[in-house]
Amino acid sequence: MKTLNIIERIEGEAKLVCTWKENKISDAQIQFLNFRGFEYILNNKPALDALIYTPRICGICGQAHLKATAEALENIYKSINEPLYITDKAKLLREIGLNIEIIDSHIKWFYIFIMPDIAKLSKEQKYLKYEALKGESWRKGTYAASESIKALAVFAGQWPHTSYMIPGGVMSDPTLFDIITMQNYMDQTLHFLEKELIGTDIEKYFSFDSELDLDTLNATLSDFKNLCFENDLHILGKSYNSHITLSDTSLFESGRIEVKNRLLVDLSLIDEKDINTFKINEQKKENEYTWAKTALYNNKPYETGPLSRALISNRKLIKNIHKTYGDSVFTRVMARMDELINLVFITKKLIKQIDLSQESYIPAKIDLKDIESATSISTVEAARGSLLHKVTIENAIIKDYDVITPSVWNLGPGIGDKFGIAQKAIIGADSIEKAHIILRSFDVCSVCTTH
Amino acid sequence: MVDSQDMVKKVFTQKSARIDTNKGEKYYNNLFEKAKQRLSILKKQAPLKDIDMVDVIETEGINRRDFIKWVSATTATLMLPSMFEPLVAQATELMNRVPVVWIELQDCAGNSEALLRSASPTVDDLLFDVISLEFHETLQAAAGHDADRQLEDAVEHFKGQYLLFVEGAIPMANNGMYGTIGASGETFHEHLMRMSKDAAAVVAVGTCATFGGIPAASPNPTGAVGVMDLVKGKPLINIPACPANPANIVGVILHYILTGQVPELDSLLRPKFAFGYRIHDNCERRAHFDAGEFVEEFGDDGAKNNWCLYKVGCKGPMTFNNCSIIRYNEGTNWPVGVGRGCIGCSEPDFWDKYAYQRPMAGANIKAPTGGVEKTVDEFGLGLLTATAVGIGVHAVASAVAGKKSEHNEEE
Ligand code: SF4
Ligand code: SF4
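Note that the protein sequences, when read in sequence, are chains R and P. Everything in the first sequence is counted per the UniProt record's numbering, starting at 1 for the first residue and increasing by one. Everything in the second sequence is counted per the UniProt record's numbering, starting at 1 for the first residue and increasing by one.
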């Protein structure tokens, strides 16, 4: 038997076509049917214009795209042996900006999408507070997210779609007052997490080493855990358990894990395939069913995102949960929330480190126009995983621009007998509701997936 | 931080403000009577949702004073004199009488994201509790087939009454294959036409929905167009910008509730209350423009002293929008506030015409209209003509608007 379902309440829409055998999903096709063609649009544009275009690939992770573009253009200078000097202040402002965007995204995703869905699996009265739009927790979550993002607007001008980064640094020059304002917003966010999400103070949370510690608390995370265990979400949603993270930050380390061993990443082994992908201006072929491409490392699928990051950078609590439950929905979502808590903590520290006396921007000695031809790559950790931009320019004009988003790694179609990451995770689920939740555990964004 | 609500009020009510908002006593008295009548009729209608503003204010513990402050800032934003404040407050309470359907087409969800952070009282209180949002793919509770059904029900049930909000462009190339929706694989074009057929009015939100936006950037691989290229014979309001300012979205809804009509529009169907003047007109760096003090390069002394960004690419002088007053993220800030310069995101073709660091001075950019505006002072005038840039002219645009806007409020 085959069923077709529409997945809404992700960013955009996805179609899920499932084949069922003995009441279990035996094959799943994830289709993304909305396409805009950013890579075509970027062609032949002035290189700096990309700073305006790429953030608009996505209304939720525009910062990540902005940073990727700015750094790809900076790497052009590196590639010709004329590296730009970026001050620590500019680097910090970029990382802080990106962190805040991820913080906002994680809060929203959890309270707007995940909790309402899994709360629906239960009839218990006490979970009504997670109901979309009406529930008290839903409202508190959206409010907390929109307050935290203001910390970004303070020095980025607006959110979504800011463009304050530029090769050589950032355009903004925050004042001491701005710094204090940012700290205040982060304090509020931390307060929300302690009160609503964790149910205890952050120090205590950092001492946790097993999911059992959550049982002593009475907050969203404990509700989440109970709902997962009542509905087998600690067993469901397992994929290959191979993980990749492409870049380093204050919180994350790059690397990949296969089975157990941590290995280095060689960017040249990344490849994007479009066997099952529609082509522009062509009649679709039978095997083509989505606008998403497939990203592979050394010809193998890898998961990217908060779970991968937690495992690769060895974060204790998630490591321990993963030991018992593998890459299940429960582990994956917990990893995201653990990342959220860590990010707020670390971002507060980073804000303190800003030295206002440093420059925000130092101009390049060479004009991009004088660089005849060069290619470069940049990688950035976005909310949903690793993002890669690859650009070729000739005299400051873009000749080729390739974007591989985290959702391409996780949600792209499988090739041949190799299922895609989310595809594999869905197979085996015994109800469509659970299949939805498994898909959602990857934090689906259809606009990023197809761009 | 500047209190944006106070600032909004000040800008719109001060005598010295550059925007002349006064349409005369007779006009306002007339409108006042009409709005009063309209509200009393709406009040008699059964609410579509059993929550109302008063409840929300009480149960959510929103400070009554904050609410009143919000009302007076919003009244000012809508360019109405303060006598309308009690009516605006009432209209807020009657928001649950007007059904809203929100659809997403070829977009990045940026406007929905922006909407989640509308000015206080927080949007959940205002929009989600009080407005009868009958359908919003991303935010609503239902998903899948339930969502499909909910949309069909809403459109059927509120035939002729609902406001249709559209986010995203419409890809027309290759028979619309670049964007389909729902189980049946309906194209975005078909979907838009079907949804708009029975709408009371259609509101295009964001530059994608209004003018095609980034997807329509050359070579426009998917043949993206805006709503106004397709939907005809229906009141249509454009709220461009990338993302659209939630204050303007709320403003349009409030205005509709208050008057039952679409607000006065310019030639590009943008509400004049928000797009009737340029960013440059109320920019906090304007004094430096007038004094000839420009940032020459990011990071220089001019940048550190918040001088004008014109020479590093600011498109404020040709961009009609109110973000210099309303700002973003509940008034937290706006691009020019952090030294970035405006990219003209509420103007058609901004993506190809104005994009990034192409200073208008020296760039081959044609302004939307010819001529030079009266309010450009002597120095600015000299500078602009010297660099051979025709500036976006409010006066001319308004004259055109006067001829074209079909949906003016009756006087
Ligand atoms: S107008 Fe801008 S914010 Fe809106 S959907 Fe388009 S790119 Fe996104
Ligand atoms: S050119 Fe830009 S920065 Fe300068 S006054 Fe005008 S809007 Fe402000």
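I should point out that these hints are in silico values taken from the structure, not numbers from a laboratory. Just to be clear, a hint being listed does not mean it is correct.
[To be verified] Derived lysine to any residue pairs resembling SDA-like cross-links, with alpha carbons at most 25 Å apart:
hint : chain 1 : residue 1 : chain 2 : residue 2
1    : R       : K78       : R       : K273
2    : R       : K285      : R       : E82
3    : R       : K399      : R       : F419
4    : R       : K140      : P       : R65
5    : P       : K304      : R       : T181
6    : R       : K120      : P       : M172
7    : R       : K284      : P       : K304
8    : P       : K304      : R       : N184
9    : R       : K273      : R       : K140
A quick look at each hint next to the structure:
Pair hint R/K78 plus R/K273 does not hold up; C-alpha atoms about 28 Å apart against a cutoff of 25 Å. Between R/K285 and R/E82, the direct Cα distance comes to roughly 46 Å. Violation of the 25 Å bound is thereby established for this hinted pair. Proposed proximity of R/K399 and R/F419 is contradicted: the alpha carbons are some 33 Å apart, above 25 Å. Distance check on the hinted pair: R/K140 and P/R65 sit about 22 Å apart at the alpha-carbon level, within 25 Å; holds.
With a CA separation close to 19 Å, the supplied pair P/K304 and R/T181 stays within the 25 Å bound. At most 25 Å may separate the alpha-carbon atoms for a hinted pair to count; R/K120 and P/M172 exceed this at roughly 38 Å. The suggested pairing of R/K284 with P/K304 is violated, with an alpha-carbon distance near 54 Å, which exceeds 25 Å. For the hint linking P/K304 to R/N184, the alpha-carbon distance of about 24 Å falls within 25 Å, and the restraint holds.
Only pairs whose Cα atoms come within 25 Å are accepted, and R/K273 paired with R/K140 is rejected, the gap being roughly 42 Å.
Going down the numbered hints, you'll see the structure goes against 1, 2, 3, 6, 7, 9, while the others check out.
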